[in-house]
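Q: Chain V: place on chain S using the hints.
Chains S and V are the protein sequences, given in the same order. At position 288 of the first sequence the residue is numbered 288 (the numbering used here), and the sequence of numbers has no breaks. Position in the second sequence counted from 1, then plus 1000, gives you the numbering used here.
Just so you know, these hints were derived from the structure itself, not from any lab. Don't take each hint at face value.
[What the hints assert, rightly or not] Derived pair list, reagent style DSBU-like, types lysine-lysine, alpha-carbon separation capped at 30 Å: (1) V:K1173 x V:K1063; (2) V:K1161 x V:K1315; (3) V:K1351 x V:K1236; (4) V:K1161 x V:K1173; (5) S:K351 x V:K1063; (6) S:K191 x V:K1161; (7) V:K1398 x V:K1089; (8) V:K1315 x V:K1305; (9) S:K234 x V:K1161; (10) V:K1300 x V:K1236; (11) S:K351 x V:K1173; (12) V:K1161 x V:K1351.
Keep in mind the model is a prediction, meaning the values are calculated, not measured.
Okay, here's what each chain looks like letter by letter:
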Amino acid sequence: MTDLSRDIAARVQVGFEKGSPIDIGGAGTKSFLGRPSPTATTLDVTGHRGIIEYDPAELILVARAGTPLQEIEDTLDSRQQMLGFEPPFSAQGATLGGAVAAGLAGPRRAYSGAVRDFILGASFINGKGEIITSGGKVMKNVAGFDLFRPMAGAMGTLGVLLKAALRIVPRPEAEETLLHEENDETTALEKMNRWALQTQAISAAAWDGENIRIRLSGSSAGIAHGEVQIGGEKLTESDYWNDLNNFRLEFFKQQGRLWRIALAPMSGPIGMNSPQLIDWGGAQRWLMSDEPADDIRARVAHLGGHASCYSDDPAVPTFQPLQGDLLALNQRLKAALDPAGILNPGRLDPKL
Amino acid sequence: MSRAKPNSDPLIQQLRSVLPDSCIVSDPASMKPYECDGLSGYRQMPRVVVLPTTVEQVQAVMKACQASKTPVVPRGAGTSLSGGAMPHKNGVVLSVNRLNRILDIDGQNRCATLQPGVRNLQISDAVEHLGLYYAPDPSSQIACTIGGNVAENAGGVHCLKYGLTVHNILQVKIVTLNGDLVTLGSTAPDSPGNDLLALMMGSEGMLGIVVEVVVRLLPRPPLARVLMAAFDDIEKAGNAVANVIASGVIPAGFEMMDRAAITAAEDFVRAGYPADAEAILLCEVDGTEQEVNAQLDRVKALLDKAGATQISLAKDENERILFWSGRKNAFPAVGRISPDYYCMDGTIPRKEIGNVLTRISAMADKYGLGVANVFHAGDGNLHPLILYDANKPGDFVKAEEFGGEILDLCVAVGGTITGEHGVGVEKIDRMCVQFDEATLAQFLAVREAFDPDGLLNPDKAVPTLARCAEFNAMHVHHGKLPHPELERF
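Just chain S, same shape as in the assembly (with noise of 0.2 Å):
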């Protein structure tokens, strides 16, 4: 339990002042993502950590942004609760501002919401210097600009997270996972899709090329229902939602570059003829594929969606990169927000 947010204060203020950029540090389970400005110096912010609050009848908890997931996670579950995002990379040792930062959601994403909806307030440092408070710890307020809400997936672009409030959810009495066989890749986006719209138990949805998985959660008679209206074959493998999150599954051992698509879920097939999961009902696709970058994107943006690449390679930018006004708006942010440009620069756009 340190608060730090003095001296990493300090620490921007004098990068402001200088013009010097700053890589901020967590854990670093997600340094994959995204490429720190080779002349930055690392502002490590592991040491502000520990949770300021808690209370289960509130669904809130307060944490600052060194806390290792874990501890959040594990003080969550004495309570029959949980963070309603199923963030990736707890066990390896990732904070919650990093978490926030990369904006990684799990497979509950699509039936539950995005990091971003989960974020009730937050304390950051701005590229001056100074502590910005934004939100709150109620379920609902809408005084001041949600500055809060772009934190998350921001890569740090924005600001040095020193707090978040987060809604907690209660942890569903059951869960279970349905198996079905299926080969054809427009049937399984179909059934996924069918389903979600017969039973609100659905928490993830994935196809693997062979088999379709459902996870239901839930009370048990929601649960019940589910399996009526699904069918399929229970399974027993505990850790796959998990495997998936963390990308433990075989098909993460595959060789080639690692694509993350973004697409709304019943977008056809992309057409590539390379190994591909779906997950997310359809909405996330991950694929192996050693296809030129600008071919991927273009294909995937040709269908409304957008691509990053997962695995680290300098020739390629990890997130597709923005254009025209868009591009603008987000610059024109950015230096709001950050004025000098020295945090994270370049981390989640080359020209942010």
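A: Structure of chain V alone, referenced to chain S:
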């Protein structure tokens, strides 16, 4: 709508070169309905009202306004309760009411593409045949527009379980002040770049004009049932709410009314509420029949344990609608017992409900004004209705002071000055209580990133630092700002 008459105002001349005459309203009688929104105490006639019918027209209006440095006030149905759509005296009111088409319904991807003037309830009606609906349901949902919902990040009775507007929007297209059309978000999750979509939600029309919205649709739950529980003590009712949520049940709706509101509602619609109760709770759960029954059993046991004097389960859909009718008509019901009422909108942690209601009641005695409480208990969003008489000299000023003290209390117990109605013009000074100087300056800098000339809905939502200095100077007690001990988080 009357045709625009010849007018020597150069702005109107210029607007006429980019818009058909039928899209311009400039005579005072026709502009009258636009002089205020749902917060009718604040009024201002605009310079001109435009009602574009195409996105290109919106772009042209924005370019014309930027060139002439003219303020623009966007407007949906004008149901805002915080003066967010109050006109600017030198400015244009840009109404999105004629951009009111449903552009696409995609049942497979469970989303719909709408123009901003589409009404909230119209969305659910249009997708009902697919077994889908749009979840956020502000009480003005018959009239309010999706564009206005985005600007206010509208909530409603069901947001405890299904989220606010921000959780149910996939994409918006905005026209910026310089006339650019920019798409934020997408139907694919986690769009590249910063989450500007989230930033647009609740930005009260200060960052851009929303010209298209893609909403997420949810499967309609097969069954919803509602319980009514009566309590002889308001604190017990407040604690019951906290206990139910803490148990792991997330009701679809969880509302509370105090004695004044119960009496007014009962006299008005005869919803079957026990007249001798100090507080009632309405708790709705939805899902499949099995899930609903399992949840109802748990909720009943918890309410009983919390000391409910009566628990009634609506026996059928008719009785469910009857139970809700008292809650849904509570505002007009209160309107019958008092010449005027002033509706507040603070949010507090649930565990503070009993404490805060008791203190509001003490304030009511101090100000000599009545108060009725009707609110979204499940998420701690209070709606104290302060009763006053606008014809009685000094009464509204007293009501405003009373309201301000309630909001300060909400902040002091860890809450916020507005849960869902927005800051607008009404609560702009209270922003100085909730946020520190650095944060307010940051808000202003973000605004400038979108609108360097400060022309979009000026003087609303975010106060200037000079304004706060003035406000704080007036509200300093014994040399201290209100609640200096607060970390304001």
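Q: Hint by hint, say whether it matches the structure.
A: Now the hints, each set against the structure:
1. Distance restraint check for V:K1173 and V:K1063: the Cα-Cα separation of roughly 17 Å lies within the 30 Å cut-off, and the hinted pair is therefore satisfied.
2. Of the pairs offered as hints, the one joining V:K1161 and V:K1315 holds, with about 23 Å between alpha carbons and a cut-off of 30 Å not exceeded.
3. The straight-line distance between the Cα atoms of V:K1351 and V:K1236 is roughly 11 Å, inside the 30 Å bound, and the hint therefore holds.
4. Straight-line distance between C-alpha atoms of V:K1161 and V:K1173 comes to about 27 Å, which keeps the hinted pair within the 30 Å bound.
5. Using a Cα cut-off of 30 Å, the hinted pair S:K351 and V:K1063 holds, with the two alpha carbons roughly 27 Å apart.
6. Of the pairs offered as hints, the one joining S:K191 and V:K1161 holds, with about 26 Å between alpha carbons and a cut-off of 30 Å not exceeded.
7. For the proposed pair V:K1398 and V:K1089, the alpha carbon gap of about 27 Å is at most 30 Å, so the pair holds.
8. As the CA atoms of V:K1315 and V:K1305 are separated by approximately 22 Å, the hinted pair is consistent with the 30 Å bound.
9. Distance hint between S:K234 and V:K1161 is fulfilled; the C-alpha atoms sit about 28 Å from each other, no more than 30 Å.
10. Pair hint V:K1300 plus V:K1236 holds up; C-alpha atoms about 15 Å apart against a cutoff of 30 Å.
11. At roughly 23 Å between alpha-carbon atoms, S:K351 and V:K1173 fall within 30 Å of each other, so this suggested pair holds.
12. A distance of roughly 19 Å separates the Cα atoms of V:K1161 and V:K1351; the hinted pair therefore holds under the 30 Å criterion.
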